[in-house]
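Since chain A is already given, all that's left is putting chain B on it; use the hints.
2 protein chains.
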Amino acid sequence: MPRRPILDFWYEFASTYSYLSAMRIEALAAEAGVEVRWRPFLLGPIFAAQGWKTSPFNLFPAKGRYMWRDMTREAAALGLPCRQPQPFPQNSLTATRVAFYGLERGWTPDFSRAVFRAEFGDGRDISEPGLLSAILSEMRLDAGAVLRDAQGDTNKTRLKAIVEEARSRGIFGAPTFITDDGEMFWGNDRLGQALAWAAGDRPAGVK
Amino acid sequence: MPRRPILDFWYEFASTYSYLSAMRIEALAAEAGVEVRWRPFLLGPIFAAQGWKTSPFNLFPAKGRYMWRDMTREAAALGLPCRQPQPFPQNSLTATRVAFYGLERGWTPDFSRAVFRAEFGDGRDISEPGLLSAILSEMRLDAGAVLRDAQGDTNKTRLKAIVEEARSRGIFGAPTFITDDGEMFWGNDRLGQALAWAAGDRPAGVK
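Listed in order, the protein sequences are those of chains A and B.
Take any residue in the first sequence, note its place counting from 1, add 12, and you have its number in the numbering used here.
Take any residue in the second sequence, note its place counting from 1, add 12, and you have its number in the numbering used here.
Bound conformation, chain A alone (with noise of 0.2 Å):
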């Protein structure tokens, strides 16, 4: 049996978008024969790196206000809860050191499908040391190790790897999609190309 197309799925916790893609696409994978790679990883590092001190949402308070209704509107077309958590954006840092941790372990899906649904679905702050522990344990796993090794050297210097990878590849914003041949999609709304592209089918004409 050939080996599975994958999609390299690049995101960010703090990203609204990133959540609306994280609850729906390992279906849609399965559906288009695709096998997904989860990528957590920071967007603070690359929009500090274009002089953004914070969420392009809050610097353009027009672009903002939009969002938020436009995330209303399609978490309900997608049947997705949607919550606004306070502030915003989260501190995603402990969480995407957990994430990353988890990656070699297997558990990074649940793991941050059960972030975003807490931030993006019930409006919780990620940024709380109660509720990732209450996510860990709840998955069965040693809340208190994973947290004091997500938190480690080791991991914390291979997530900066990460990040600097991501911006190094062209990554400017969240969700990102990137196919088997280097392929790039930006955001939910091309979830469905991306993977799509990744299994193979391509607009005509397009090299």
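Do not take every clue at face value.
Some chain B residues near chain A, calculated using beta-carbon distances under 10 Å [as the list claims (entries may be wrong)]:
{"no.": "1", "residue": "Ile58"}
{"no.": "2", "residue": "Gln62"}
{"no.": "3", "residue": "Pro73"}
{"no.": "4", "residue": "Leu115"}
{"no.": "5", "residue": "Asp192"}
{"no.": "6", "residue": "Met196"}
{"no.": "7", "residue": "Phe197"}
{"no.": "8", "residue": "Trp198"}
{"no.": "9", "residue": "Gly199"}
{"no.": "10", "residue": "Gln205"}
{"no.": "11", "residue": "Val218"}
Which residues of chain B face chain A? A few of them, derived with a C-beta cut under 10 Å, are [stated by the list, open to error]:
{"no.": "12", "residue": "Arg77"}
{"no.": "13", "residue": "Arg81"}
{"no.": "14", "residue": "Thr84"}
{"no.": "15", "residue": "Ala88"}
{"no.": "16", "residue": "Gly91"}
{"no.": "17", "residue": "Arg95"}
{"no.": "18", "residue": "Arg125"}
{"no.": "19", "residue": "Ala173"}
{"no.": "20", "residue": "Glu176"}
{"no.": "21", "residue": "Gly185"}
{"no.": "22", "residue": "Thr191"}
{"no.": "23", "residue": "Asp201"}
{"no.": "24", "residue": "Arg202"}
{"no.": "25", "residue": "Trp209"}
{"no.": "26", "residue": "Ala216"}
Derived from the structure by calculation, the hints contain no laboratory data.
A quick note: this is a predicted structure, and the numbers were derived from the prediction, not measured.
Positions of the beta carbon are idealized from the N, C-alpha and C atoms, including for glycine.
For chain B alone, coordinates are given in the frame of chain A:
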């Protein structure tokens, strides 16, 4: 017979994704039973007010590189030609004045499609005086008279008021679609949702 719902289509000639909407909005609106009101405007003053002196696709090079690749794919999927004009963004001031001048005369949609096709289909420079003249003449209009009146004080002043209306309604990019009841949708990716909303089809639970 009841009046058809109206969808305002705010577009900017320098905007790549406005091209993708302009070329297909009438056919899609007819299918949806919606009437389109073409609303040419200028994004430059709105960008300038937030400190941007050029297109965000130039200010943020990674985003700009991605945008052109995305345009190539999206145009191909829609069966539209796509060429990058030089320079980018194009100076759209005269073309916008002409399109705005045409509104009460009924030829703005034809003129606008011709401008977009020249600019992003053929890669032509729409600030060339000869190009706009040729388009107007092709439409059997008196190009000299139109260009003179479109650049007269009356038309310029009225266009300025329209740009201020756009800003005050929260428009921050193009294309933007606004329904009769004030619902705003941003981006070519939302054309379908905007038409559905205009026609009375809303996501469950959204007010």
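Hints and how they fare:
1. Evaluation of the Ile58 (chain B) hint against chain A yields a held restraint, the C-beta minimum of about 9 Å falling below 10 Å.
2. Look at Gln62 (chain B): its Cβ gets to within about 6 Å of chain A, closer than 10 Å, so that hint holds up.
3. Of the supplied interface hints, the one on Pro73 (chain B) holds, with its beta-carbon coming within about 9 Å of a beta-carbon of chain A, less than 10 Å.
4. Look at Leu115 (chain B): its Cβ only gets to about 25 Å from chain A, farther than 10 Å, so that hint breaks.
5. With 10 Å as the threshold, the beta carbon of Asp192 (chain B) stays out of range of chain A, its nearest partner Cβ sitting at about 16 Å, so the hint is violated.
6. The beta carbon of Met196 (chain B) is positioned within 10 Å of a beta carbon in chain A (closest approach about 6 Å), and the interface hint is therefore held.
7. A distance limit of 10 Å between C-beta atoms decides the matter here; for Phe197 (chain B) the minimum to chain A is near 8 Å, and the interface restraint holds.
8. Below 10 Å, beta-carbon pairs count as interface contacts, and Trp198 (chain B) has one with chain A at about 6 Å; its hint therefore holds.
9. At its closest, the beta carbon of Gly199 (chain B) sits 8 Å from a beta carbon of chain A; the interface hint therefore holds under the 10 Å criterion.
10. Because the smallest distance between the Cβ of Gln205 (chain B) and any Cβ of chain A comes to about 7 Å, under 10 Å, the interface hint for this residue holds.
11. Checking Val218 (chain B) against chain A by beta carbon gives a least distance of about 5 Å; that is within 10 Å, so the hint holds.
12. Given the 10 Å rule on beta carbons, the hint for Arg77 (chain B) holds: about 6 Å separates it from the nearest Cβ of chain A.
13. Evaluation of the Arg81 (chain B) hint against chain A yields a held restraint, the C-beta minimum of about 7 Å falling below 10 Å.
14. With a cut of 10 Å, the hint placing Thr84 (chain B) at the interface with chain A holds, because the nearest CB-to-CB distance is about 6 Å.
15. Interface hint status for Ala88 (chain B): upheld, as the beta-carbon distance to the closest one in chain A is roughly 4 Å, under 10 Å.
16. The interface hint given for Gly91 (chain B) holds, since its Cβ lies 8 Å from the closest Cβ of chain A, which is under the 10 Å cut-off.
17. Taking 10 Å as the C-beta contact cut-off toward chain A, the hint placing Arg95 (chain B) at the interface is violated, the least distance being around 13 Å.
18. A least Cβ separation of about 22 Å between Arg125 (chain B) and chain A goes past the 10 Å threshold, and the interface hint is therefore violated.
19. Taken as an interface hint, Ala173 (chain B) does not check out: its beta carbon lies about 19 Å from the nearest beta carbon of chain A, beyond 10 Å.
20. With a cut of 10 Å, the hint placing Glu176 (chain B) at the interface with chain A is violated, because the nearest CB-to-CB distance is about 14 Å.
21. Interface hint status for Gly185 (chain B): upheld, as the beta-carbon distance to the closest one in chain A is roughly 7 Å, under 10 Å.
22. About 12 Å separates the beta-carbon of Thr191 (chain B) from the nearest beta-carbon of chain A, more than 10 Å, and the hint is not met.
23. Using the Cβ-Cβ criterion of 10 Å, the hint placing Asp201 (chain B) at the interface with chain A is satisfied: the shortest such distance is roughly 5 Å.
24. Satisfaction of the interface hint for Arg202 (chain B) is found here, the shortest Cβ-Cβ separation to chain A being roughly 8 Å, below the 10 Å cut-off.
25. Hint status for Trp209 (chain B): holds, given a least beta-carbon distance of 8 Å to chain A, under 10 Å.
26. With a least beta-carbon distance of about 6 Å to chain A, the hint placing Ala216 (chain B) at the interface is held under the 10 Å criterion.
In terms of the numbered hints stated before, the structure departs from hints 4, 5, 17, 18, 19, 20, 22, listed from lowest to highest.
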